[in-house]
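Participant: Now for the letters of each chain:
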Amino acid sequence: MNSQRQSPVYRSRLLQSASERTPETHPLTWRLRDDGQVVDLKEYEAKDGYLAVRQALNAHDPQAVIATMKEANIRGRGGAGFSAGLKWSLTMQGDDMPRGYIVCNADEMEPGTFKDRLLMEQQPHLLIEGMILAAFANNARYGYIFLRGEYVESARVLADALAEARDAGWLGADIAGSGFDFDMALHTGAGRYICGEETALLNSLEGGRANPRAKPPFPGQSGAWGKPTVVNNVETLCNVPAVILGGAEWYQGLSGGRTEDGGTKLYGASGLVNRPGLWELPIGTSGREILELASGLRDNRQLKAWLPGGASTGFLLPEHLDLPLDFDTVGKEGSRLGTGLITVVTEDQSMVALMRNLEEFFARESCGWCTPCRDGLPWTVKLLSALEHGEGESGDIELLDKLAADCGPGLTFCAHAPGAAMPLETALKHFRHEFEQGIGVKQPMTINEE
Amino acid sequence: MMTQAPMTNGQTLATDGFRLDPEDEAAMREEAGHYEQPQAACIEALKIVQRRHGWVPDAAIPAIARVLGIGPGSVEGVATFYSLIFRQPVGRHIILVCDSSSCFLTGFDQLLQALSEQLGIGLGETTADDRFTLLPVCCLGACDGGPAMMIDDHVYGPVAAGDLPDLLESYL
Numbered sequence: 126m127n128s129q130r131q132s133p134v135y136r137s138r139l140l141q142s143a144s145e146r147t148p149e150t151h152p153l154t155w156r157l158r159d160d161g162q163v164v165d166l167k168e169y170e171a172k173d174g175y176l177a178v179r180q181a182l183n184a185h186d187p188q189a190v191i192a193t194m195k196e197a198n199i200r201g202r203g204g205a206g207f208s209a210g211l212k213w214s215l216t217m218q219g220d221d222m223p224r225g226y227i228v229c230n231a232d233e234m235e236p237g238t239f240k241d242r243l244l245m246e247q248q249p250h251l252l253i254e255g256m257i258l259a260a261f262a263n264n265a266r267y268g269y270i271f272l273r274g275e276y277v278e279s280a281r282v283l284a285d286a287l288a289e290a291r292d293a294g295w296l297g298a299d300i301a302g303s304g305f306d307f308d309m310a311l312h313t314g315a316g317r318y319i320c321g322e323e324t325a326l327l328n329s330l331e332g333g334r335a336n337p338r339a340k341p342p343f344p345g346q347s348g349a350w351g352k353p354t355v356v357n358n359v360e361t362l363c364n365v366p367a368v369i370l371g372g373a374e375w376y377q378g379l380s381g382g383r384t385e386d387g388g389t390k391l392y393g394a395s396g397l398v399n400r401p402g403l404w405e406l407p408i409g410t411s412g413r414e415i416l417e418l419a420s421g422l423r424d425n426r427q428l429k430a431w432l433p434g435g436a437s438t439g440f441l442l443p444e445h446l447d448l449p450l451d452f453d454t455v456g457k458e459g460s461r462l463g464t465g466l467i468t469v470v471t472e473d474q475s476m477v478a479l480m481r482n483l484e485e486f487f488a489r490e491s492c493g494w495c496t497p498c499r500d501g502l503p504w505t506v507k508l509l510s511a512l513e514h515g516e517g518e519s520g521d522i523e524l525l526d527k528l529a530a531d532c533g534p535g536l537t538f539c540a541h542a543p544g545a546a547m548p549l550e551t552a553l554k555h556f557r558h559e560f561e562q563g564i565g566v567k568q569p570m571t572i573n574e575e
Numbered sequence: 524m525m526t527q528a529p530m531t532n533g534q535t536l537a538t539d540g541f542r543l544d545p546e547d548e549a550a551m552r553e554e555a556g557h558y559e560q561p562q563a564a565c566i567e568a569l570k571i572v573q574r575r576h577g578w579v580p581d582a583a584i585p586a587i588a589r590v591l592g593i594g595p596g597s598v599e600g601v602a603t604f605y606s607l608i609f610r611q612p613v614g615r616h617i618i619l620v621c622d623s624s625s626c627f628l629t630g631f632d633q634l635l636q637a638l639s640e641q642l643g644i645g646l647g648e649t650t651a652d653d654r655f656t657l658l659p660v661c662c663l664g665a666c667d668g669g670p671a672m673m674i675d676d677h678v679y680g681p682v683a684a685g686d687l688p689d690l691l692e693s694y695l
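Which chain is which? The protein sequence lines are A and B, in order.
Add 125 to a position in the first sequence, counting from 1, and you land on the number used in the numbering used here.
Add 523 to a position in the second sequence, counting from 1, and you land on the number used in the numbering used here.
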C-alpha cells in the first residue's frame, strides 16, 4: 500500500534561501544555490571566485595575508577555537626551511556536526581557494584534503572540482601568473574519529595508525614527513577568501558587536526539534535564536539540556540559552563552543542513557594510546550501563567523578579523553539526581562477608 | 640465529590463492606517487583490494607491503586499526547505521531493532544469503536527518521503520 513512499535519501542543505544571503553578510554561503546543486567552476568564477587568489598571489606578500588573518581573528572552526592567523604566523618559514604542507581537516565526525559536508558537497571551489591562499601564506608546496571515508558524495564533488581547478590553472605551476606553484590531492580515510585530532591525522596521512603525536613540536614546526605543516578545518579555510577580499575590519564587523570573535559561523540544531538544520549566522548568535530558527521542540516537549557544539562539549541548561555562542563565553560556562552545532536533549530523555551512549562512542573511538582513555572510558560505560538499568552500586557515581577527572586536560596525549570527560562531568554536576536514581537496592559485594 | 625468516619480504606469510590484480597494483603505485613516502598510500591500497574482493584477506597484506616497499607488519597494523577495512568476508552491501548522539536521541534504538528484525541479524553480522552486513558507525554528519544510515555509498535519513522494506529491496 505504501508504494508511493519516497525513498529517504539524505541531502545536505542550508535552511536559508538565496534571497536571505548576500556577499556582505554571508561570506560562507552566499554563492550556494537554492536547488542544492554544486556551484561549479564557471559559476564560482562568475561570483568573484578565485579573485582573492589572483589578488593575493600577485601582491607577492604572504606576510600581509597572515597579518590580515590575525587581525580578522578567525578562531578554528573545527572546535578547538585557536586563532588561525596566529597558527599561520608560527609556521616555520625561511630560506633554510623546506616548503611544507597545508592539510585540510575534513574528517568531520564530531557527533552532532554536519556543516563541513555542506560546504564540500555544494561549494568545493571555496575550500580549494582557501587552501591555495593558506598555502601561499605558509609557503606550502602541496596540499591534502583529509576527508573521512564515509563522505562519498564530498569525495566525488571535490575530485571533480580539483580537476576543474587544475585545468583552469588555479592549481599547478605559476598560479594566475604569480610565479607561485602549488598543487593538492584528495586523501580519503577509512573510519575512526581520532583521525580528526590534528597529529593523529598526520600519522594517518603518512599511512600509519592514527595515534596522536606528542606536542611540541607542533605541526607548524614539524608535521607531515617532518616538514612545516598547517592543519585547518574546512569551515576555517572557507572563510579565508572573503577575509582577503573584504578585509579584517569588515569581517570582524560581521559579528555585529555580539562578541569579540569575528565573522559568521555555521550554526545548527539537531535532536527533537521541529526543523533540524543549518544556518550561517553572525558569530555570537544565542542558542535561543537558533532554536527559534529550528521552530522549537517537537510535540511541545520541554528543553532539559543542550550540547553547544558536539559530543565533546559540556552540557548547558535552559538558563544558558541567551548567552552569545562564541568561544570565550561558552568556555566560561564550563563548556566549549566546539563545532557550534547544537544537540538538544528534552525533559523526557534520560541523561544516564545519553551519557552511556556518549561514552560508548568515546570508548570505541579511543585509539588506545593512553591508559586513562583506553581503560577508563570502557569502565565509565560499564558503570553507566548499570546505572541506566537500576543496577548501580553505592560509590559508582563517585567513581565516575574520579574516572572523568583522570581523563582531564594534560593527563593524556590528545584531547580525546578530556573531550569524553567534559559531557560526563557536566552531566554529573547538573543532573546528579538522575544518576543517583540508578543505584539499585542490591548491596555491593564485599570480599569479607562474615 | 632466528629459526624463521623475518617478515620483511612477505615470504613467511601465506600468499596462497591471492594474486594482486595488475590493474590494482598499478593504481597503488599511482596513489603512492601523491606522497613523499609510499607508505602513505597504505590505506588506499587496502581499499583498492577491498573494492575488488569485498574484504582484505590476510594474504593481501604481504602483497601490498611488497608494492609499497614497507614491512607487512606496518600494513597489518594499519589494516587492523581502521573500522572501514574489513578483515573477514562481508555481505554484498554494507549497512552503516549511525549510533551517535543525535541519532540516538531521534530513534536509533527503534531503527536498529527494525533493521535487525527485517534482516534477522544483529550488529557485526552478515545475512545468511551474504546480501547485507550490518555495522555501527560514528556520526554520519547527517544529524538534521536523524536517525540516519548508509547503504554502500548512499546516505539515508530520517529513516522510519516503514521505509526499510522498499529501501532494502532495492539492494540485490
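What the hints contain is simulated information worked out from the structure, not anything from laboratory work.
None of the values given here were measured: they were computed from a predicted structure.
Backbone N, C-alpha and C define an ideal beta-carbon position, used for all residues, glycine too.
A hint or two may mislead.
Covered by chain B, according to a simulated footprint, are these stretches of chain A (three or more residues, beta-carbon under 8 Å) [what the hints assert, rightly or not]:
id : region
1  : 160 to 173
2  : 226 to 237
3  : 275 to 286
4  : 367 to 379
5  : 459 to 470
6  : 519 to 531
Participant: Each hint needs a verdict: does it hold in this structure or not?
Facilitator: Quick rundown of the hints versus the structure:
no.	hint	result
1	160 to 173	violated (count 0)
2	226 to 237	holds (count 5)
3	275 to 286	holds (count 4)
4	367 to 379	violated (count 0)
5	459 to 470	holds (count 4)
6	519 to 531	violated (count 0)
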